[in-house]
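Trainee: Sequence:
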Amino acid sequence: MKDLHAGPTARATPGRRGAALVAALALSVTGCAGPPDTAAARSPAAVPSTQPPSPGQKAPAPDAAIPADPARLADDLEDTDARLRRAIDDWRNDGNPAKGEAPEPVVLLALHEQRAYRYLARNPTIASRTYARLPKDLAGKARDDVTAIRGLISLARPVSGPVTMRVEAPESADVLLADFRRAERRFGVEWEVLAAVMFVETKFGRVRSPSYTGAKGPMQFMPGTWRAYGMGGDIEDTRDALLAAANYLHASGAPRDYRRALYAYNHSQAYVDAVLRHAGQMKRDIRNYYAYYNWQVYVITTKGERRLTGP
Numbered sequence: 008m009k010d011l012h013a014g015p016t017a018r019a020t021p022g023r024r025g026a027a028l029v030a031a032l033a034l035s036v037t038g039c040a041g042p043p044d045t046a047a048a049r050s051p052a053a054v055p056s057t058q059p060p061s062p063g064q065k066a067p068a069p070d071a072a073i074p075a076d077p078a079r080l081a082d083d084l085e086d087t088d089a090r091l092r093r094a095i096d097d098w099r100n101d102g103n104p105a106k107g108e109a110p111e112p113v114v115l116l117a118l119h120e121q122r123a124y125r126y127l128a129r130n131p132t133i134a135s136r137t138y139a140r141l142p143k144d145l146a147g148k149a150r151d152d153v154t155a156i157r158g159l160i161s162l163a164r165p166v167s168g169p170v171t172m173r174v175e176a177p178e179s180a181d182v183l184l185a186d187f188r189r190a191e192r193r194f195g196v197e198w199e200v201l202a203a204v205m206f207v208e209t210k211f212g213r214v215r216s217p218s219y220t221g222a223k224g225p226m227q228f229m230p231g232t233w234r235a236y237g238m239g240g241d242i243e244d245t246r247d248a249l250l251a252a253a254n255y256l257h258a259s260g261a262p263r264d265y266r267r268a269l270y271a272y273n274h275s276q277a278y279v280d281a282v283l284r285h286a287g288q289m290k291r292d293i294r295n296y297y298a299y300y301n302w303q304v305y306v307i308t309t310k311g312e313r314r315l316t317g318p
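To convert, count from 1 in the sequence shown and add 7; that's this note's numbering.
No lab work stands behind these hints: they were computed from the structure. Among the hints, erroneous ones may be present.
Unchecked claim - Below, in silico cross-link-like pairs of lysine-lysine (DSS-like), each with a Cα-Cα straight-line distance of 27 Å or less:
no.: 1; residue 1: 106; residue 2: 65
no.: 2; residue 1: 106; residue 2: 290
no.: 3; residue 1: 290; residue 2: 143
no.: 4; residue 1: 223; residue 2: 106
no.: 5; residue 1: 65; residue 2: 143
Please take these sequences and the hints and turn them into a complete structure.
Mentor: Structure follows, in structure tokens:
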């Protein structure tokens, strides 16, 4: 475990556990962490440019330019999406998502996709022109992810100075997937919805500090709510927290009315919309779950956003 001082002078300090991933405040981030990197906290946010990644690259560099021209950005997104899906297929078929980190191509391509979507979230006019140039399926995915990011950014509380946050590496992708499905079988809440909640709340369990409101654990429960729905489990344990979240969402109306249940979980329509958009993408293609798992962590500061993790 490490402590992160997030802000203009962000840095990681040693903690009680081994190498860990760096994360940020819940609802101040819209990405997942990948392999830890001591230089990651100094990485700039995505910068628009007219220079796309070189066509011959196996995967884009971590800070490869994001095209500002809608036509070139659409081509870049289409190429990135196709290569990312192939890389995820290779990981699932020949690798082992139940153990260890994702292969480098998956990490790099997921980061490039995320950076492009974050750029579009802050540039609605360019986003609309880019969607019009994408194939129908990819345009829908891009619109869902960009809209979700934009909504969550609107809820963020910008960091104005150094803030210490505890983080730790999440469970592996397939271990988490098995936990999501176990909770679905017990309470009838779709695993994709549970995964989307965990993605939005703590980036798949990376954030371990309490929120500014006092919510705790990988599913961000208030202590009083946990006492009512935690079934005697440990609020910091991933499996216990997922079961409690499914229990609470079921009691609040899921699966009959997911909007009502999610609004009970977090009283924000932007939050509800973001969760359902991400969940919908995972339902359409399970590879989107593996892509989200490899999105990096961003923090919103009063001087702009910063990427804090990744290659």
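Trainee: Please write out, lowest number first, the hints stated earlier that are contradicted by the structure.
Mentor: none
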